[in-house]
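All chains, please: the whole structure from these sequences, using the hints.
Quick mapping for you: the protein sequence lines, in order, are chains A and B. Per numbering that gives the first Met the number 0, the first sequence starts with residue 0, numbered consecutively. Per numbering that gives the first Met the number 0, the second sequence starts with residue 0, numbered consecutively.
I should point out that these hints are in silico values taken from the structure, not numbers from a laboratory. A few of these clues could be false.
Since the list gives no way to pick one copy over another, a pair counts as held whenever it fits inside one copy or between any two copies.
Claimed, not checked - List time: in silico DSSO-like cross-link candidates among lysine-lysine, alpha-carbon distance up to 30 Å:
#: 1; residue 1: 58; residue 2: 181
#: 2; residue 1: 109; residue 2: 203
#: 3; residue 1: 58; residue 2: 322
#: 4; residue 1: 167; residue 2: 110
#: 5; residue 1: 248; residue 2: 203
#: 6; residue 1: 32; residue 2: 110
#: 7; residue 1: 322; residue 2: 110
#: 8; residue 1: 110; residue 2: 248
Letter by letter, the chains look like this.
2 protein chains.
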Amino acid sequence: MGVVLNLEQGKREPATIQALLDMTAADMGRVNKLILSKAGSDVEMIPEVANHLISSGGKRLRPMLTLAAAQMFGYSGENHVKLATSVEFMHTATLLHDDVVDESDLRRGKKTARTIWGNQASVLVGDFLLGQAFRMMVEVGSLEALDILSAAASIIAEGEVMQLAAAKNLDTTEDEHFAVIKAKTAALFSAAAEVGPVIANASKNDRAALRSYGTNLGLAFQLIDDALDYGGSSKDLGKNTGDDFREGKVTLPVILAYRRGTSDERAFWKSAIEDGNTDEAALERATGLMTRHGAIADTIGRASHFGEIARDALAPLAATPQKSALIEVIDFCIRRVV
Amino acid sequence: MGVVLNLEQGKREPATIQALLDMTAADMGRVNKLILSKAGSDVEMIPEVANHLISSGGKRLRPMLTLAAAQMFGYSGENHVKLATSVEFMHTATLLHDDVVDESDLRRGKKTARTIWGNQASVLVGDFLLGQAFRMMVEVGSLEALDILSAAASIIAEGEVMQLAAAKNLDTTEDEHFAVIKAKTAALFSAAAEVGPVIANASKNDRAALRSYGTNLGLAFQLIDDALDYGGSSKDLGKNTGDDFREGKVTLPVILAYRRGTSDERAFWKSAIEDGNTDEAALERATGLMTRHGAIADTIGRASHFGEIARDALAPLAATPQKSALIEVIDFCIRRVV
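Below, the structure written as structure tokens:
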């Protein structure tokens, strides 16, 4: 896949999110402190489980979006730090519950909480973090921000149930799949970006721009994640190539390869995804079929499409360092596949 | 146990919550409609799972507390209906997650959602209902009510983790146990009762009275529930006598019998609770030991103690039909043990 993308992107420098990291560094220091403090509890198991995941080296992209989006509209105060922390807690709660639902043993190359403390602790500590997220939002006191984030919480869960209901269904259409990832992934990116302008009292148009940016960035992010599972380096990703395949997940590369395949190939996909025949040889064949049918390249192409929409969502906004940084995030999300 | 309590209570009429049922009937009609509408989703599995539990015949005591507490202070509007529905959704979400954590097969005499749709659906639909609960609270727009209910959400999860951490620990003290049930059960009763006066703009004192009433009613309710498991009729309770025992739960009757027992008896409790030797003969011995040591009677005694505090919390309030109805609820909770 790297090759495909390099051809498309010519000789551009490798994308980074350095500008975003720099401009949010001070605020992220406060977010990280708040994370530790709000994941605290006299009930020992809670900080143990929470910190295991929190310290496991996620990029914390979502809270940085909230911080940069608030800065972009001149917000001064402390509420963006609280909302950014809420966003990260919502994300962490989702991961804890996801690992239970997917029966995952590894996340970002580390044992999942559920393999160390059990499914029970993962469910309950997830609930606790979600409760803490809401408490922080309430402290902020913006009903608009609460509205956006509580709606996202419902939609994320709805997306997860959709995914569960469609599990192992190879006949899932691309549109149905987009509906799932829009709910389970893009909704939180969207909310994270929108609450920035909301607490900065920015205009309706500015809010809509950031919301649309977040939605489309989230879609691109998820699609690239799905592509990486069939070819990314496990070192960068913290997950092993083929994890989705072994878990029988119907992601876009699978959907495209299946729909474009011969009847023999479709029988292979059914045996792999539905019946769990997913050894190394099967993974090799799967990747081969994806390459033959351009399934990875086109997944990246779809991601680029959403990336373009995210970019255009920001186009009418005044040129600011924050705007440039957020655009760089789009490039980063898409080009990390190289 | 019935005998013990009859002696205490003399010849009083059997307690009912008829007054509460009557005064909240019209509002509960609206709550029930809102429950159906807000448990709805285009994702088919969500209303299926949600309605399975919602229609399984719980008493809906918590939302009735919210409604009566709002009426008590002359509230007129629709927000009490939304908050009552939020409270019931929080409760339902907790039950869905609890059944996963406890690996329960039956609830109120019916198969649990997790045995029909799996743990995954139960976790995710619980998350969805919690999200919907928050959305309704946000619609109400009272930051004070949001503060109370979001704090309760965190505290409930904290209580559940405490319970998990103390699971099968027979050395749990009574105080530690009270801390658990205060968090996992009483916090929601307390929040349900307090948000009534909050949206009715009642005084600080009135709010505090209802909060204290709710907390202590919740403690009494949980203790009686635990006593019933060792002697209630399964028809009334919708759960079978001995469920807690077979699940190795360290409830107050167990704590008291264990602490008061001989070393032989303590060995028996360890074998039952820690090692899972909980056949019919063991249950019979357990019940026998509880009777010998007055563990059930004293659990009911502790419940009565909290019931008295709940009653006194309401004492300074003007005599209203709502006040009488709420006091009747205390009697009902305690006397359902008969």
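Index of numbered hints that the structure contradicts, given in increasing order
2, 5, 7
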